[in-house]
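Asks: This is what each chain is made of:
Number of protein chains: 2
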Amino acid sequence: MVNIGIVGVGLVGSELLAQLHATSAKRLKVVGLTNSRNMVVSDTEYKSLSLTQWKQELENSSVAADLGVFAKYLADAPDHSVIVDCTASDAVSQLYPAWLKAGVSVVTPNKKGFSGSLDLYKEIVALAANLGPAPVDGAKSPLAYHESTVGAGLPVLSTLTDLVKTGDEIEKIEGIFSGTLSYLFNNFSSLSSSEGSQSFSEIVKVAKELGYTEPDPRDDLNGMDVARKVTICGRLAGLDLDLSTLPVENIVPGPLQSVASADEFMAKLPEFDDHFKQLNEGAKKEGQVLRYVGLVDVKGGQSGVKLLKYPASHPFASLQGSDNIIKFTTKYFPNGLIIQGAGAGAAVTSFGIYSDLLKVQERVEGF
Amino acid sequence: MVNIGIVGVGLVGSELLAQLHATSAKRLKVVGLTNSRNMVVSDTEYKSLSLTQWKQELENSSVAADLGVFAKYLADAPDHSVIVDCTASDAVSQLYPAWLKAGVSVVTPNKKGFSGSLDLYKEIVALAANLGPAPVDGAKSPLAYHESTVGAGLPVLSTLTDLVKTGDEIEKIEGIFSGTLSYLFNNFSSLSSSEGSQSFSEIVKVAKELGYTEPDPRDDLNGMDVARKVTICGRLAGLDLDLSTLPVENIVPGPLQSVASADEFMAKLPEFDDHFKQLNEGAKKEGQVLRYVGLVDVKGGQSGVKLLKYPASHPFASLQGSDNIIKFTTKYFPNGLIIQGAGAGAAVTSFGIYSDLLKVQERVEGF
Numbered sequence: 001m002v003n004i005g006i007v008g009v010g011l012v013g014s015e016l017l018a019q020l021h022a023t024s025a026k027r028l029k030v031v032g033l034t035n036s037r038n039m040v041v042s043d044t045e046y047k048s049l050s051l052t053q054w055k056q057e058l059e060n061s062s063v064a065a066d067l068g069v070f071a072k073y074l075a076d077a078p079d080h081s082v083i084v085d086c087t088a089s090d091a092v093s094q095l096y097p098a099w100l101k102a103g104v105s106v107v108t109p110n111k112k113g114f115s116g117s118l119d120l121y122k123e124i125v126a127l128a129a130n131l132g133p134a135p136v137d138g139a140k141s142p143l144a145y146h147e148s149t150v151g152a153g154l155p156v157l158s159t160l161t162d163l164v165k166t167g168d169e170i171e172k173i174e175g176i177f178s179g180t181l182s183y184l185f186n187n188f189s190s191l192s193s194s195e196g197s198q199s200f201s202e203i204v205k206v207a208k209e210l211g212y213t214e215p216d217p218r219d220d221l222n223g224m225d226v227a228r229k230v231t232i233c234g235r236l237a238g239l240d241l242d243l244s245t246l247p248v249e250n251i252v253p254g255p256l257q258s259v260a261s262a263d264e265f266m267a268k269l270p271e272f273d274d275h276f277k278q279l280n281e282g283a284k285k286e287g288q289v290l291r292y293v294g295l296v297d298v299k300g301g302q303s304g305v306k307l308l309k310y311p312a313s314h315p316f317a318s319l320q321g322s323d324n325i326i327k328f329t330t331k332y333f334p335n336g337l338i339i340q341g342a343g344a345g346a347a348v349t350s351f352g353i354y355s356d357l358l359k360v361q362e363r364v365e366g367f
Numbered sequence: 001m002v003n004i005g006i007v008g009v010g011l012v013g014s015e016l017l018a019q020l021h022a023t024s025a026k027r028l029k030v031v032g033l034t035n036s037r038n039m040v041v042s043d044t045e046y047k048s049l050s051l052t053q054w055k056q057e058l059e060n061s062s063v064a065a066d067l068g069v070f071a072k073y074l075a076d077a078p079d080h081s082v083i084v085d086c087t088a089s090d091a092v093s094q095l096y097p098a099w100l101k102a103g104v105s106v107v108t109p110n111k112k113g114f115s116g117s118l119d120l121y122k123e124i125v126a127l128a129a130n131l132g133p134a135p136v137d138g139a140k141s142p143l144a145y146h147e148s149t150v151g152a153g154l155p156v157l158s159t160l161t162d163l164v165k166t167g168d169e170i171e172k173i174e175g176i177f178s179g180t181l182s183y184l185f186n187n188f189s190s191l192s193s194s195e196g197s198q199s200f201s202e203i204v205k206v207a208k209e210l211g212y213t214e215p216d217p218r219d220d221l222n223g224m225d226v227a228r229k230v231t232i233c234g235r236l237a238g239l240d241l242d243l244s245t246l247p248v249e250n251i252v253p254g255p256l257q258s259v260a261s262a263d264e265f266m267a268k269l270p271e272f273d274d275h276f277k278q279l280n281e282g283a284k285k286e287g288q289v290l291r292y293v294g295l296v297d298v299k300g301g302q303s304g305v306k307l308l309k310y311p312a313s314h315p316f317a318s319l320q321g322s323d324n325i326i327k328f329t330t331k332y333f334p335n336g337l338i339i340q341g342a343g344a345g346a347a348v349t350s351f352g353i354y355s356d357l358l359k360v361q362e363r364v365e366g367f
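In order, the protein sequences belong to chains B and H.
Going by UniProt numbering, the first residue of the first sequence is number 1, and it counts up by one from there.
Going by UniProt numbering, the first residue of the second sequence is number 1, and it counts up by one from there.
Please note that the accuracy of each hint is not assured.
Note that identical chains are pooled: a pair holds if it fits in a single copy or bridges any two copies.
With a cut-off of at most 20 angstroms between alpha-carbon atoms, the simulated SDA-like pairs for lysine to any residue come out as follows [what the hints assert, rightly or not]:
| # | residue 1 | residue 2 |
| --- | --- | --- |
| 1 | K101 | G132 |
| 2 | K26 | P133 |
| 3 | K331 | H21 |
| 4 | K285 | S192 |
| 5 | K26 | V164 |
| 6 | K359 | P133 |
| 7 | K29 | P133 |
| 8 | K359 | V164 |
| 9 | K359 | N130 |
| 10 | K331 | S24 |
| 11 | K26 | V125 |
| 12 | K165 | S14 |
| 13 | K359 | T161 |
| 14 | K172 | P247 |
| 15 | K165 | A22 |
| 16 | K26 | T161 |
| 17 | K306 | G287 |
| 18 | K359 | R27 |
| 19 | K331 | G238 |
| 20 | K268 | S199 |
In case anyone wonders, no lab produced these hints; they're calculated from the structure.
All figures in this text were calculated on a predicted structure; none of them were measured in a lab.
Next up, chain B with everything else stripped away, as it sits in the complex:
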């Protein structure tokens, strides 16, 4: 039996609780929940919290959130414990080393700890048995899994890890890592005649209204979310990528990068429709489409985030909706191993977290 404590119970955390409830998960037991205000922990017998009444219990809890107390409660459990960080907080990710040192495993969709400071990343890797060098005989270390930091539940990081561990040589990882950017360019830049007639600003406007973008769409268009995913993949592939030095093509037009509000940005974006139209038509003349991609270039050293052109026959060109697509080019797969599908949303993010929890449970409980 493995104890679970969940930090952050917004959309993803709630969905995870719903999936655990729906599957009557027998070897995983939720014993602690906390948001930024309150927390609930179970008793000294570490009984399961209610998976149906948790919301009221957390709201009505008189215990103020305290991640130190929360982590100690989990570390003190007689069985192994995992903290699931469902926040997007940099401060929470700074606590992973302390949790791991206390013997608590970490599972998270939070990109901060794995794409931020290289020192923090290396500390996490050194402490987690599945990320660092093979442990010496008999040594027991906690685990850290973060499948949902890239492509949500798509099996991107587990596949990359398997390739690396079995001696494959990763040459290149190329992908459309953002559902938002996928949607924008799949609609804006297409070789079929029925599409591609809308202006770039109109498509951004629709995407914003549908809730596909961040409240300020510049937070998507600046490429930093993609850059974090590139950094995570690159580090797993053995590169010491650093977010602060990774070349990232910010496609927010220069004069709009500094305007104060999202509203002002949206109001002025149509002034730059011609710029995007020219890029699109230039690609179209060559039988190509525009795609905003992240690139880990292990051999060539050209890792980064870029607006690139792809011919109609390329799998990236025929992408639809807001799908992510990731292509590994390796010694074992010289023509590429491709993984494609929804890379955002509570259900698929929670699926990735739940899969990671099962991996921890299986390793902890043995065979």
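Fit chain H to the given chain B structure using the hints.
Replies: Below, chain H without anything else, positioned relative to chain B:
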């Protein structure tokens, strides 16, 4: 430390030994090898066999192959053992229950045990901790992994398993599961003007000469290899599929199904080029291409192997080379989770086996 015994050291078994050697695998130790004639097992201390001299040692061995003795040697080891079945033998797969009962795990690319007799399959599932119901507290059972039975090293079965275990509802699994059939129809049926001019028999002839087909191409065209993969996926998705009752469209023209030799088949296949041409042109008129697919239809009950038509925008239509492509349509992924890449060949098959071995080692050695 986990002991490994390999049954069958042809292309795939040799590649696995090479990959283990190249990665200096520290927690996996090869202690036994056997082909259909000779075998070599290590000493009573279960020391590692030489990963560079194994071929000579096996050839020069005076010990006759005996799978009973081989399995007992592995079962008697103080540490956990795994038998890797690199044969395609039905008889070897019948031994899995005995091995599992003796506490030995099984890892294999051999489709027979997982796509043959439903009784055998259910016996394996009941004995392997990772396939059957969650074990009761403290119980230890061996494991059985068979990622490479479908799509070689592509993460098809691990992803399907994760989806099922986390409560996803599988609606449909649709795929081009055969590298051979992928190559034939990618070349024969294309919407681009530069392709599709060769006759079907010419493409089969080239594929045969390149070694892409079985010695008798009817063993590809009869759909039985695809049917086995459909059966394996369907069973993991919860269906009691049976190879003997699964509807399989044999695309070998009727009169050629009974001709005696592969040579006679190849000689007479051109007489049926018009038949295939008409099918292709019929599809093309609708803007579609022909693809030979396997289908697991969990909700509609239409599982089987079929020659189907797909529009240009479908990912199956733009497939190239001899890639496999598998699409899961589920509650979590209503628009599909797609995995694509090389699904045959020694390197990628061995990669799948090696990944499975790491899963066994991680579960056995714990965290």
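Asks: Since the copies are identical, ignore which copy is meant and state whether K268 and S199 lie within 20 angstroms (CA to CA) inside a copy, between copies, both or neither.
Replies: Classified as within; 13 angstroms inside a copy, 57 angstroms across copies.
Asks: Is it within, between, both, or neither for K285 and S192, if the alpha carbons may be no more than 20 angstroms apart?
Replies: both (13 angstroms within a copy, 18 angstroms between copies)
Asks: Pop the pair K359 and V164 into one bin, within, between, both or neither, using alpha-carbon distances up to 20 angstroms.
Replies: The answer is both: 18 angstroms in one copy and 14 angstroms across copies each meet 20 angstroms.
Asks: Reference check for the pair K331 and S24, CA-CA at most 20 angstroms: within, between, both, or neither?
Replies: Intra 41 angstroms, inter 18 angstroms, cutoff 20 angstroms: inter-copy only.
Asks: Can you tell me if K306 and G287 fall within 20 angstroms by alpha carbon in one copy, between copies, both or neither?
Replies: Within. Shortest intra-copy distance 19 angstroms satisfies the 20 angstroms Cα cut-off; inter-copy 33 angstroms does not.
Asks: Quick one: K26 to V164, C-alpha cut-off 20 angstroms, is that within a copy, between copies, both, or neither?
Replies: between (32 angstroms within a copy, 15 angstroms between copies)
Asks: I want to check one pair: K26 and P133. Are their C-alpha atoms no more than 20 angstroms apart within a copy, between two copies, both, or neither?
Replies: Between. Shortest inter-copy distance 10 angstroms satisfies the 20 angstroms Cα cut-off; intra-copy 31 angstroms does not.
Asks: How do K331 and G238 come out at 20 angstroms by Cα distance, when the copy is not named: within, between, both, or neither?
Replies: Only inside one copy: K331 and G238 sit 15 angstroms apart there, 35 angstroms across copies, limit 20 angstroms.
Asks: Is it within, between, both or neither when you check K165 against A22 at 20 angstroms Cα-Cα?
Replies: between (34 angstroms within a copy, 11 angstroms between copies)
Asks: Have a look at K359 and P133 and pick one of within, between, both or neither, based on CA distance no larger than 20 angstroms.
Replies: both (18 angstroms within a copy, 16 angstroms between copies)
Asks: Given a CA cutoff of 20 angstroms, do K26 and V125 count as a within-copy pair, a between-copy pair, both, or neither?
Replies: Between copies, since 19 angstroms is at most 20 angstroms while 29 angstroms is not.
Asks: At most 20 angstroms between CA atoms: does that hold for K172 and P247 within a copy, between copies, both, or neither?
Replies: within (16 angstroms within a copy, 41 angstroms between copies)
In the structure shown, no violation is registered for any of the earlier numbered hints.
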